[in-house]
Amino acid sequence: MTDKQIVDVPLAHYRGLYGRSDAAEIAARTGLVYDEAAGGFKVSVVGNSYYVNHPDFKTQEPLSPYEEILLLRYLLEGRYVPASGGMLAYEEMPWGAVYLTQFRGRVIGRIAREFGRDPSRLGAVLAGTPGLKFEEVGGADAAYRFEFMNGLYISILVWAGDDEFKASAQMLFSDNFKYAFTAEDMAVVGDVVMGRFKNTSKALGI
1 MTDKQIVDVP
11 LAHYRGLYGR
21 SDAAEIAART
31 GLVYDEAAGG
41 FKVSVVGNSY
51 YVNHPDFKTQ
61 EPLSPYEEIL
71 LLRYLLEGRY
81 VPASGGMLAY
91 EEMPWGAVYL
101 TQFRGRVIGR
111 IAREFGRDPS
121 RLGAVLAGTP
131 GLKFEEVGGA
141 DAAYRFEFMN
151 GLYISILVWA
161 GDDEFKASAQ
171 MLFSDNFKYA
181 FTAEDMAVVG
191 DVVMGRFKNT
201 SKALGI
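Those letters in the sequence shown? Residues 1 to 206, per the working numbering, in order.
A couple of the hints might just be wrong.
Listed next, with one range per pair, are the computed distances between beta-carbon atoms [what the hints assert, rightly or not]:
no., residue 1, residue 2, range
1, G128, V81, 41 to 47 Å
2, D162, P82, 38 to 44 Å
3, F165, A23, 47 to 53 Å
No wet-lab data here; the hints were simulated from the structure.
Just so it is clear, CB atoms sit at the ideal spot from N, CA and C, and this is done for glycine as well.
Work the whole structure out from these sequences, hints included.
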């Protein structure tokens, strides 16, 4: 199977399920507002707002195939539960310990490589991401909390490297993430966040 098929096959599957889904049921389960005039749901992803049409899965602004799959899975299976204030590491999520090695290589290592030499870049990238609201949370050389999607929050922490220690990082999730996404999906969440930040970094030239 080619890389394109790896994406296209599940994307077609989830689009088909979404086309047969009930908009009222999705709204009740996820808490997303269904705008009848716009013919879809209003969703915020890393500061950007989208109208996702129903039953056709179309957005006004383009999304990457992985972002489309992630959003479709949330609309089809996710459930919104208000966060109680706790922030959890990936391994504290259901099945997170099983996929922890992959998550560390795929997400945590990437954060450390991207921002470990100059943690201040993380704040600059967050500030340069259109529409994104964030707050400094402390606990590392750079540590910020922001909304990934409606009511779902992420904290990224970065510790700078030196001659003795390598740079390190952490990504924490609000405790309601476990109702919205599976552990496998949350690895894709990390990819989406870092992909958005990479685009911002390129646009800002930093």
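These are the hints, each one checked on the structure:
1. One distance hint, 41 to 47 Å for the beta-carbon pair G128 and V81, is violated here, with the actual separation near 31 Å.
2. A hinted range of 38 to 44 Å for the beta carbons of D162 and P82 is consistent with their spacing of about 40 Å.
3. Evaluation of the 47 to 53 Å hint for F165 and A23 yields a pass: the beta carbon distance comes to about 51 Å.
Figure legend: structure checked against the earlier numbered hints; the only hint not met is number 1.
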